[in-house]
Every structure is written in C-alpha cells, then in structure tokens.
Amino acid sequence: MSQEFVLETRGLTKEFRGFTAVDSVNLQVKEGNIHALIGPNGAGKTTLFNLLTKYLPITRGDILYRGKSIAKMKSSEIARLGVVRSFQISAVFPHMTVLENVRVALQRPMGNSFHFWKHEKVLNQLNDRAMDLLESVGLEEYADNITVELPYGRKRALELATTLAMEPTIMLLDEPTQGMGLEDVDRVTELIRKAAVGRTILMVEHNLRVVSKLCNQVTVLARGTVIAEGDYASVSANPQVKEAYMGSEADEEQETAS
Amino acid sequence: MAMTETTKARVSAVQESKKAANRRRIMIYLALLAVALIAPFLAYPVFLMKILCFALFACAFNLVLGYTGLLSFGHAAFLATGGYFTGYLLSQHAVTPEVGILVGTLAAIILGTFFGLLSIRRQGIYFAMITLALAQLVFFFYLQADFTGGEDGMQGVPRGYLFGFIDLENNLSMYYFVLAVFLIGFMLIQRTIHSPFGQVLKAIRENEPRATSLGYNVDAYKLVAFVISAGLAGLAGSTKTVVFQLASLNDAHWHMSGEVILMTLVGGVGTLVGPIVGATFVLTLTHQLAQSALGDWVNVILGVVFVACVMAFRAGIVGELQKFAKKNFK
Numbered sequence: 000m001s002q003e004f005v006l007e008t009r010g011l012t013k014e015f016r017g018f019t020a021v022d023s024v025n026l027q028v029k030e031g032n033i034h035a036l037i038g039p040n041g042a043g044k045t046t047l048f049n050l051l052t053k054y055l056p057i058t059r060g061d062i063l064y065r066g067k068s069i070a071k072m073k074s075s076e077i078a079r080l081g082v083v084r085s086f087q088i089s090a091v092f093p094h095m096t097v098l099e100n101v102r103v104a105l106q107r108p109m110g111n112s113f114h115f116w117k118h119e120k121v122l123n124q125l126n127d128r129a130m131d132l133l134e135s136v137g138l139e140e141y142a143d144n145i146t147v148e149l150p151y152g153r154k155r156a157l158e159l160a161t162t163l164a165m166e167p168t169i170m171l172l173d174e175p176t177q178g179m180g181l182e183d184v185d186r187v188t189e190l191i192r193k194a195a196v197g198r199t200i201l202m203v204e205h206n207l208r209v210v211s212k213l214c215n216q217v218t219v220l221a222r223g224t225v226i227a228e229g230d231y232a233s234v235s236a237n238p239q240v241k242e243a244y245m246g247s248e249a250d251e252e253q254e255t256a257s
Numbered sequence: 000m001a002m003t004e005t006t007k008a009r010v011s012a013v014q015e016s017k018k019a020a021n022r023r024r025i026m027i028y029l030a031l032l033a034v035a036l037i038a039p040f041l042a043y044p045v046f047l048m049k050i051l052c053f054a055l056f057a058c059a060f061n062l063v064l065g066y067t068g069l070l071s072f073g074h075a076a077f078l079a080t081g082g083y084f085t086g087y088l089l090s091q092h093a094v095t096p097e098v099g100i101l102v103g104t105l106a107a108i109i110l111g112t113f114f115g116l117l118s119i120r121r122q123g124i125y126f127a128m129i130t131l132a133l134a135q136l137v138f139f140f141y142l143q144a145d146f147t148g149g150e151d152g153m154q155g156v157p158r159g160y161l162f163g164f165i166d167l168e169n170n171l172s173m174y175y176f177v178l179a180v181f182l183i184g185f186m187l188i189q190r191t192i193h194s195p196f197g198q199v200l201k202a203i204r205e206n207e208p209r210a211t212s213l214g215y216n217v218d219a220y221k222l223v224a225f226v227i228s229a230g231l232a233g234l235a236g237s238t239k240t241v242v243f244q245l246a247s248l249n250d251a252h253w254h255m256s257g258e259v260i261l262m263t264l265v266g267g268v269g270t271l272v273g274p275i276v277g278a279t280f281v282l283t284l285t286h287q288l289a290q291s292a293l294g295d296w297v298n299v300i301l302g303v304v305f306v307a308c309v310m311a312f313r314a315g316i317v318g319e320l321q322k323f324a325k326k327n328f329k
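Protein chains in written order, with numbering that gives the first Met the number 0: chain A, 0 to 257; chain B, 0 to 329.
Okay, chain A solo, but in the shape it has when bound:
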C-alpha cells in the first residue's frame, strides 16, 4: 500500500530529557521526488535526518523504507539498503586523496574490506569507476589532490560523488549548499539535479531559491512538527509558514540588535 513511498515515517518522535525535538512527524517521500525539508533554525530538521539514518535512537514511532520498518536497524545497515546521507559539515576524508575518497565508497561491495593481508593495489581496479564519478561532478583533474586542499565547494561536490558511488536509491542531503558562494550554489544545484535522475532525494535546505528551483515537494517543519506540505508555491503562500519564518527572522534581528 505504501510502496509508492520510498521513505515514510509514522509518528516519529525524539525527546531529549523532556524537550521534544521531533514531535510525531509523518513524512512521506515519494519515489523519484526531490523533496525539500525546510523550516526555521531549531525546527528539528537535522534531528529528523539523524533519526531517519539512526544516528540518533528514536524515542517513538516508526520509519519505513519501501514499506518495511528500518527503525531497529543500525546506521550502516540502513546505508547498505541504499538510504545514504550526507552531513551538514562537508563529510570527506580530509587526508586521503580525492580518488581514494570515492574509492572507499566503491570498495565495500567488493567484499575485501576486512582483508588486512592483501595489498591495497587490489583496489586499483576501482580507479576507472572512481574517475567516472569524479568526472560527473567535474573533479577529475583533482583526483590526486589531498582532499583537505580542496576549496569548500569542491569538497561538497566530492561528497556528492562519494554518495553517488553508493548507488543510493534515496539520498538524504543535509544543507548541501550551506556556506557556499553564489557560483558554487549554482554548480551544486545543477549537480543535484543531475544526480536526481532515477533517484529520490530528501534534502534539508535553507536557501529557498535552491528549493524553488529544484524541489517538487516541500515539507515545512517548525518546532518539531510538520506545519505545511505541498509544492513550493502552495507552501510559500501558507500563512503559518510565513509566520514561522518571519517570527524566527524577527528573533534573529532582535538578537543582532541587542
């Protein structure tokens, strides 16, 4: 019955010592959508991400992947199912080369990841595929650089390539354009659009311009609950959403003023 949803939550709740960060959220992510999760700061977006991928234990509720509960699985098992997440802060392996970053993601299905007696050159057979992935995000000429030397925007592109190497069915991107200059934002937006072909994406995003350009479904979260759902136009016209955003912006103005 819920097969059309790749990912679904039912009454998902997370409490931290009496504070309810995520409050009985019912989220449904449809196959093939680029689904945005937006909301003011502290709305529980990242917490929700952490629950979906079990980086945090859930207090109540259920998470379904293609109709089957994954609430009791480990993070690594969920990743192996094809639900692969990225992180708010660029998640790369800083002292490995760009190529090695992608290769680590390709390596696991080879089944030799515990083979401590084999030489690492057996991994070279993955180089071609790794290069193809790097090419798809425009990083092929940086393949041999140590990752820490890359500028921020390229690190995020690398992160995307690494995530794609997992061949995920659904990608959870946590603020993929955060902290980027305008030029980088456009490039990453394009990359996400390309990556979305044949996949489902759920992304937390603050940049509403990116959301309006990219996403065909938007869920608005405020204080841990869903306050609106729909396409960008209908959601942005919703008075509750306006209030949540204006309220928080007014607060921020007060903070900067004081």
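No wet-lab data here; the hints were simulated from the structure. Careful: at least some of the hints might be erroneous.
Said to hold, decoys possible - The calculated label-pair distances, taken between Cβ atoms and stated as ranges, are:
#1 A:Leu207 / B:Arg120: 36 to 42 Å
#2 A:His114 / B:Leu36: 29 to 35 Å
#3 B:Ile27 / A:Glu189: 44 to 50 Å
Stated by the list, open to error - Below, a list of computed lysine to aspartate or glutamate pairs in the EDC-like style, where the Cα atoms sit at most 16 Å apart:
#4 A:Lys212 / A:Asp185
#5 A:Lys29 / A:Glu3
#6 B:Lys18 / A:Asp143
#7 A:Lys117 / A:Asp127
#8 A:Lys73 / B:Glu207
#9 B:Lys18 / A:Glu119
#10 B:Lys17 / A:Asp143
#11 A:Lys71 / A:Glu7
#12 A:Lys117 / A:Asp131
#13 B:Lys17 / A:Glu119
#14 A:Lys67 / A:Glu7
#15 A:Lys212 / A:Asp230
#16 A:Lys120 / B:Glu15
#17 A:Lys73 / B:Asp218
#18 A:Lys120 / A:Glu134
Unchecked claim - Derived contacts from chain A toward chain B, CB cut-off under 7 Å, selection only:
#19 Ser68
#20 Lys71
#21 Ser74
#22 Ala78
#23 Phe92
#24 Val103
#25 Phe115
#26 Lys117
Note that the structure is predicted; figures quoted are calculated from it, not measured. Built from N, CA and C at the ideal position, the CB exists for glycine as well.
Chain A is already provided as a structure; the job is to place chain B on it using the hints.
This is chain B only, laid out in the frame that chain A set:
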C-alpha cells in the same frame, strides 16, 4: 572522452611517483635491515633483543592508537598474557619455543577479542578507562593465580631448542630469531595499513560518521584492528619471556601500558617506524641513565621528555623528521 584519457594518464603518473617513493622506502628498510643484521656484533645482543621486543610491542600499540584512533590503556595485559602462557608452557610442559610463542600469542588474541567486545563501542577517554580497568583485572588475576608465581614471577624459563634443534641459549641464534619474529610482526602491520582493510581504517579515523554512512560497520573494523594489535603485543611478550627467561608482574602493571604510550608518542604516533625509534630511544635513555649518577632520576627525566614531546614535538621524532623533509626537500 579526451579528458578521460588525460586524467587516466595523470593517475598513472601519480602511480609512477608513488612507485618511486616506494623504492626509496624499500632502500631505507634494506639499510635498516643491514644495520639490524650486524648489530649483535657491535652491541650487547640481549639489550638489542629487548629493544626489538619493545619495538614490536610499540608497533602493535601504534596500530590502534595511530591507525585506528583508539587510546588503549590496557595493552600491558596482552604483553603479560603472551609472556605468562609462553613461560608456563616452556617451563612446565617442555614444548619447543615456537609452539610456546604461538600459544602465548593465541592467548593474547583471545583476551584481546574479549577486551575489544567489551570496550570497542566506547570512545575517547571511556575506551581508555575500560581497557585500563580490564587490564587491572588481569593484573590482579595474575597476582593471585598459582601458575604465575605471583610477586616472584616465573623465573628460569628455559629457552630451549627452536624447532627442536636450534639452541637458543646461544645469544646470537636467539637474536636472529627475535629479529625474524619482529620482522614478521612489522611486515604484518605494514601490510595491514596498506590493505583494503587499512583504507577503511583510515576512513574511519578520518571521519567516522561518514564511514558509517558509506555502510561500514565501524565497530567491527575497529575490533579487528584491536585484536591484531593485541595478538602482536602478545607475540612481543611471548618472545620477551623466551629472551629473558622470565615472566613477571611488571609486564602486567599499568606502568607498562603507560610506557608503550610514551614510546609510541616520542617516536611518532601514526608513522610506521616511529614506535621502533621511540622504543629504542626510551630504552637506551633508561639504560644509560640507570648506569650514570642520575640513576634515581630516570622516571623524572622520562617525564620531562614526555612533557616536552607532547607540548613541542607532537608528531614525535619520526613525525617531526617527516615534516622537516616535506618542507625542505619537496
């Protein structure tokens, strides 16, 4: 597609330069090996064997601290376990030394698995505390147990005949056997680091949550690394018992867990030869000081060295040299 060709050419160019670096590394290893082969004619073999045993112990420890990012404060337990099991077998059951050493190593592997299963899910200081607590438990067990000789330790363990015919009472044969054991251990570590498994370990050390999100069950990888390290620490302890014909509570004491941290940090944590240099440095310093007028001040001086290392030379001797080489000879 022209792009693909050039990038592939670039990749192979990098592999060429990697090969050149590899050749240099092999030259250095061969030079070190040559030194190790003639060393017993220049220095007191028993002291050299002591260095080799502790160097192996420190290398094993470095596999968890430097290459997995786990601070174990209980590695003395593995050293002592190897030592006691080997000592017991050699003195009570008259097995040949290689069998005694293998069983000692196996015992350390089993103990390491047990330690690892209990502690690996904890991080940072909690991991250190659990390993310390478990090692203390093992210490008191060996203190009370009958077969260890308690506070007196196990004295007069016979070295015996290796494979039944090589007399290890001869210091020179003993030395070359210890050198062989050390090399096997060292090569295993070097291979582990440069293996598919080593790549995953590196990824885990660099960014653990990300490694998890790539589908790796990080605890399992850490556990394997920990068990390999425990096994090699046991191998070092077993071999040490054969050399000194003695297994004592000193090896199980938490001082020993601290000393191996000191050796690793002074030499250079996360570098392959750092622990060897560190063990040599610490043991030579202790040895020289013990014979000099400053004999009573050994621990104070080691403490000062440790503080200086942590505050000023955080990369250790080898680490600082590598930094220097990178800066000046690139």
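Results for each hint:
Taken as a hint, the range 36 to 42 Å holds for the pair A:Leu207 and B:Arg120, whose Cβ atoms sit roughly 41 Å apart. Under the hint 29 to 35 Å, the C-beta atoms of A:His114 and B:Leu36, about 31 Å apart, fit the expected range. Checked against the hint of 44 to 50 Å, the pair B:Ile27 and A:Glu189 passes, with Cβ atoms roughly 48 Å apart. A C-alpha spacing of about 10 Å is found between A:Lys212 and A:Asp185, which places the hinted pair at or below 16 Å, so the restraint holds.
Simply put, A:Lys29 and A:Glu3 have alpha-carbon atoms about 6 Å apart, close enough for the 16 Å limit, and the pair holds. Of the pairs offered as hints, the one joining B:Lys18 and A:Asp143 holds, with about 14 Å between alpha carbons and a cut-off of 16 Å not exceeded. Restraint check: the Cα-Cα separation between A:Lys117 and A:Asp127 comes to about 20 Å, which exceeds 16 Å; the hinted pair is violated. With a C-alpha separation of about 14 Å, the suggested pairing of A:Lys73 with B:Glu207 holds against the 16 Å cut-off.
For the suggested pair B:Lys18 and A:Glu119, the alpha carbons sit about 13 Å apart, so the restraint of at most 16 Å is met. With a CA separation close to 11 Å, the supplied pair B:Lys17 and A:Asp143 stays within the 16 Å bound. As the CA atoms of A:Lys71 and A:Glu7 are separated by approximately 15 Å, the hinted pair is consistent with the 16 Å bound. Proposed proximity of A:Lys117 and A:Asp131 is contradicted: the alpha carbons are some 25 Å apart, above 16 Å.
Straight-line distance between C-alpha atoms of B:Lys17 and A:Glu119 comes to about 13 Å, which keeps the hinted pair within the 16 Å bound. About 9 Å separates the Cα atoms of A:Lys67 and A:Glu7, which keeps this hinted pair within 16 Å; it holds. Proposed proximity of A:Lys212 and A:Asp230 is supported: the alpha carbons are some 11 Å apart, at most 16 Å. Restraint check for A:Lys120 and B:Glu15: satisfied, since their Cα atoms lie roughly 13 Å apart, inside the 16 Å limit.
A C-alpha spacing of about 11 Å is found between A:Lys73 and B:Asp218, which places the hinted pair at or below 16 Å, so the restraint holds. Only pairs whose Cα atoms come within 16 Å are accepted, and A:Lys120 paired with A:Glu134 is rejected, the gap being roughly 22 Å. At its closest, the beta carbon of A:Ser68 sits 19 Å from a beta carbon of chain B; the interface hint therefore is violated under the 7 Å criterion. The interface hint given for A:Lys71 is broken, as the beta carbon of that residue sits about 15 Å from the closest beta carbon of chain B, more than 7 Å.
For A:Ser74, the interface hint holds, since its Cβ comes within 7 Å of a Cβ in chain B; the closest pair sits about 5 Å apart. With 7 Å as the threshold, the beta carbon of A:Ala78 comes within range of chain B, its nearest partner Cβ sitting at about 4 Å, so the hint holds. Taken as an interface hint, A:Phe92 checks out: its beta carbon lies about 4 Å from the nearest beta carbon of chain B, inside 7 Å. A distance limit of 7 Å between C-beta atoms decides the matter here; for A:Val103 the minimum to chain B is near 5 Å, and the interface restraint holds.
Interface restraint check: A:Phe115 against chain B, minimum CB-CB distance 4 Å, threshold 7 Å, status holds. For A:Lys117, the shortest C-beta to C-beta distance to chain B is roughly 5 Å, which falls under 7 Å, so the interface hint holds.
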